[in-house]
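Protein chains: 2
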Amino acid sequence: MSTTATTLKGQPLDKQSLDSLLRRRLFYTPSFEIYGGVSGLYDYGPPGCALQANIVDTWRKHFILEEDMLEVDCTVLTPHEVLKTSGHVDKFADWMCKDPKSGEIFRADHFVEEILEQRLKGDKEARGQKQEEKAEDPKKKRKMKGKGQEAVRLDDAVVQEYEEILAQIDNFGGDELGALVKKYDLRNPATGIQPEPPVAFNLMFGTQIGPSGGLQGYLRPETAQGQFLNFSKLLEFNMQSMPFASASIGKSYRNEISPRAGLLRVREFLMAEIEHFVDPDGGKKHHRFHEVEDVELVLLDRDTQLSGKTTPKTMSIGKAVKEGVVDNETLGYFIARIHLFLKRIGVDMSKVRFRQHMANEMAHYATDCWDAELQTSSGWVECVGCADRSAYDLTVHAKKTGAPLVVRQRLETPKVVEEWTLEIDKKKFGPRFKKDAKAVETALLALSQEQLETLAKEQKEKASISVDVASVDGGKVELANELVTIAWTKRTENVREFTPNVIEPSFGIGRILYSLLEHNYWSRGAEGGDEARGVISFSPAVAPTKVLIVPISSKDEFKPVVRDLSQKLRSLGLASRVDDSTASIGKRYSRNDELGTPFGITIDFQTIKDGSVTLRERDSTRQVRADEATILAAVQSLVRGDKTWQDIQAELPAFESQEVEVAIR
Amino acid sequence: MSTTATTLKGQPLDKQSLDSLLRRRLFYTPSFEIYGGVSGLYDYGPPGCALQANIVDTWRKHFILEEDMLEVDCTVLTPHEVLKTSGHVDKFADWMCKDPKSGEIFRADHFVEEILEQRLKGDKEARGQKQEEKAEDPKKKRKMKGKGQEAVRLDDAVVQEYEEILAQIDNFGGDELGALVKKYDLRNPATGIQPEPPVAFNLMFGTQIGPSGGLQGYLRPETAQGQFLNFSKLLEFNMQSMPFASASIGKSYRNEISPRAGLLRVREFLMAEIEHFVDPDGGKKHHRFHEVEDVELVLLDRDTQLSGKTTPKTMSIGKAVKEGVVDNETLGYFIARIHLFLKRIGVDMSKVRFRQHMANEMAHYATDCWDAELQTSSGWVECVGCADRSAYDLTVHAKKTGAPLVVRQRLETPKVVEEWTLEIDKKKFGPRFKKDAKAVETALLALSQEQLETLAKEQKEKASISVDVASVDGGKVELANELVTIAWTKRTENVREFTPNVIEPSFGIGRILYSLLEHNYWSRGAEGGDEARGVISFSPAVAPTKVLIVPISSKDEFKPVVRDLSQKLRSLGLASRVDDSTASIGKRYSRNDELGTPFGITIDFQTIKDGSVTLRERDSTRQVRADEATILAAVQSLVRGDKTWQDIQAELPAFESQEVEVAIR
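Chains as they are written, first to last, in UniProt numbering: chain A, 1 to 665; chain B, 1 to 665.
Extracted from the complex, chain A is given alone in its bound form (with noise of 0.2 Å):
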């Protein structure tokens, strides 16, 4: 696949030897690949775990550790009841439609997308129009089988109305996607059949739960629910206190209806996501603003976007939300402390932006929605999403299951309260519905203002008041009016009580692993006419190995103080890796470089001599020489950090050694 992505070092970015360096070194492997597999579903070997590992440390200390977020572990099972009080069991589905023929399945909004895009690209051929190869983008990767399209010429009247439909592919429902597919008579070039119309498929793995087979559960598509309906425990367990942050980092599912985007689009995925709850009053306000304030984003705001334009803005973080851009500090802080991680761990910055969802577009739960988005060779690819839920989870939580979402927090000045309220007449009450009591005084709990003034007057026209409730007598409750009383009333509150809104930055840390490697990877040599070597210049931050250990010889004088050397960089919790295969230094190397080792330690026969030894950086190639304590100082002092390679070249002798530079040029 040719794109317009470029490497590190302004190459081309060749997405195909990138590929197969990441299977080959393990970095990830499709799932069962010896029973052929399953689409989207993949497993990470040795480098690919440990720089896993590592992304996921570094966004606990950035994000956890550094504000005292709350960690919950919660599980990946779900019942039913739970993710259709959230709304994922009647909304989190794609549309998909059926060839009748074939069986084949495509996601409608994709197939619609592919086919209209063939078109525009055949017309383009017939004008004789050079052909721009697009930056795929991963939403729509399954490349559909059977002839491709003939150049055909369009109306120009046609051409702009495909256009105008590309540029709102994502806002259509079924129908709609359903109706262009007739209207535009578009039919899967394999069996040159039109597809059924589109069905909702919901993506969430259904499972059956204990051996009666009576509760249905889900696989959750998201960690959020679990941290929601702990939120009074959190509370409590956080004395109280507000606003307040939980996080959580574990496994989601998501049955895609057909993957094929390699690790941008999976059916199995780890998420990372905080859940900061704060206070709606008071203009959601965040007390570490100040520090991030100066912070430069790149923002591709609602408005840019519906006017027709892809040109984001760049401004400070501080400006955005003055200027309304951002709609408040808290959702601007989060904005700014995910930039900064993205950063720390390594990401290209030139190739990350900030887009704000559009109205359409967003998440059934999400009030306001800005996303991360990376640039890969699959074009501008989301993998940080920092959403507004507002009181939209915990409400509805409450509302199905009576348990107080809320926080009270006493009042300095009193405040009168004069509205309607309903009483219960609990020794009457309870011996009239026994079993169902619970859910009719749920029912009754949740009436607005506006049902009780109305319930009021039936009262004072009738013996009895009549109250929806769904699954008790029919789904209508007959309520003498002695079991209730409806009235006025007018009361003093001490406390304040109020649902917290929440702000959820929400990492794919699958998909931010994979952007990593496209950014970090290039190629040493490739101009020079030479064999081009793989090279992912990792931060030492977030390397899967710290340091190489090269013994120049496999003499038994070099093992016990290779196994010293291991050791030692064990006890300094730095991962090492010994290779004394008889391959060339400078092939040892560049074996390495493949797996993004920033440093090398080599042990030659000086070293048995007098303890020095030297080390190599990968980018540059270079190396210094010194004794060992010293050179673990250093690589300790580059793996935090704390030091750059410059640094450590400008204290350190280099070291030139003509054998090794021969080798790893």
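Since the hints were derived computationally from the structure, they do not count as laboratory data.
This one's a predicted model, so the numbers in the text were calculated from it and none came from an experiment.
Every residue, glycine too, gets a C-beta built ideally from N, C-alpha and C.
Honestly, I wouldn't trust all of these hints.
Distance windows between CB atoms, simulated [what the hints assert, rightly or not]:
| hint | chain 1 | residue 1 | chain 2 | residue 2 | range |
| --- | --- | --- | --- | --- | --- |
| 1 | A | GLU497 | B | ARG622 | 40 to 46 Å |
| 2 | A | MET239 | B | ARG260 | 45 to 51 Å |
| 3 | A | GLN567 | B | GLY213 | 51 to 57 Å |
| 4 | B | ASP57 | A | THR582 | 31 to 37 Å |
| 5 | A | ASP564 | B | ARG622 | 35 to 41 Å |
| 6 | A | MET239 | B | THR314 | 43 to 49 Å |
Given the coordinates of chain A, work out where chain B should sit on it, guided by the hints.
Chain B only, in chain A's frame:
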């Protein structure tokens, strides 16, 4: 529940107080509690989550880093075919039986066990014998509802029969359990009805992968299969060097019939598993065995158990392997390493034993297995399994897929082999079988020497042979003799090919975590008549929080000192927590004793003057005082395990404060 369990300090374990502490302080909590909860599912709150992370981190250092194991992260979603091959679809089941009237479902073995035990209890009562409360077995936590057993005296012979059945309850299959229910007329106490005959209930959670519903999948019941399927890639990554181990930390799932034992029997749990691949020839030696041979272990072997005794032997692992109690060095090495790990995280080693599985109790894949069992208020609990899976898994997957899951080693002296061989004429074979060619070839290559010999005879007699190939031509394929040549051949081998055996140490992190809580919990002040206050004496390495910071006053001048100290601890990688509430110092310390925080630093008015602080140790409640830098260095060496509290007390001056002493007593 009264038990015979005792705390660290020899007090009877107050299980109810411990459970209440663990819920109240959010170590863990039932998942979805506001929705009524789902049995067998628990969430970890902040201290539980940190404790879990510290156990896992210690595990990773102790096993993965120490031995350069290859860590992998494989998917939980697993297609049917993989688990069919591994045997889990057919054999990973428990027997359940249903009360036809109430619909209540029981695990059949637990049902039989519980009714017989109730009858024996009734018998003892009738005989006027004193009832000794037995430590509960976590395998049978379903306390059946209904009236208790009456005091009915049984015949002596019946008592003996019941006791013999109970002693071997783990050996019975479904038919036998059903027969016992009939023979002894065992009835559900709640309804007085005999349950229906037991049926097998597979413990895997099923789900559908993909939109067409065509691909049946399961949530993995163990992490092992992903590691086996990647064997060849891992061997390649390890540069073909043997032996080596892979390792994986991740969630697994078992749909328990009726989980009722808190964290000890759950449906979703974290596992840490090692698959150590070893050459089956040469007695499975281990090159680091000498490092552990003197480790003393408590071993309850198979023979002892079969003789009806439960008194274990204490001996060094070196002796155990020498005497054949433990089969080989590699198995012995890992048993010793498991022992050292449990010690390292702070398990009470007087409550650990290794129990060998009896033949009929082992999982379908194991040839030998030792469990590390930890003693808790629920009896002896299996927390780590250490199984020799032989070549079972690699063999079945290789046979099913045709993938060569083997090791090839160059032979120093070539070997002459005479055997039946089968050669396929590919030119004719492909066109004959087309899309089925692969399946037929796989079946042919799987034929045994005996089968080949028979077929060779058949070829002499007929023009074709007939071979079983599931799913092709109705299960039987006719092969004309021209398609395959079967002959007795002689050849020289330069390469030895073998399927490695697998030694698998498998850790249930949740069970270890719960046992650790029980082993480290005790009550302070209970002896003196004071109100008892819970303390959890975690070792510093696994404690969720290492340091509590306690400013003696909430005055503004303390704030920067607290912030600065927090920051310093953070940069040392030491988790800390500030308690700046208005509660007394003593109250604040005892709140954190409940969380197991080993150290406290008090900031008082003297600190503001001269920068000195006090350091308090949780178990002794003793304090020392020095300047901040000295105290920080002391804490760091304590957490690393370089120094003990005794060392620190010897080095630094004691601090006695009337106020604090009174409060914390």
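Verification of the supplied hints:
| no. | hint | verdict |
| --- | --- | --- |
| 1 | A:GLU497 x B:ARG622: 40 to 46 Å | holds (45 Å) |
| 2 | A:MET239 x B:ARG260: 45 to 51 Å | violated (33 Å) |
| 3 | A:GLN567 x B:GLY213: 51 to 57 Å | holds (54 Å) |
| 4 | B:ASP57 x A:THR582: 31 to 37 Å | holds (36 Å) |
| 5 | A:ASP564 x B:ARG622: 35 to 41 Å | holds (38 Å) |
| 6 | A:MET239 x B:THR314: 43 to 49 Å | holds (48 Å) |
When held up to the earlier numbered hints, the structure conflicts with hint 2 and nothing else.
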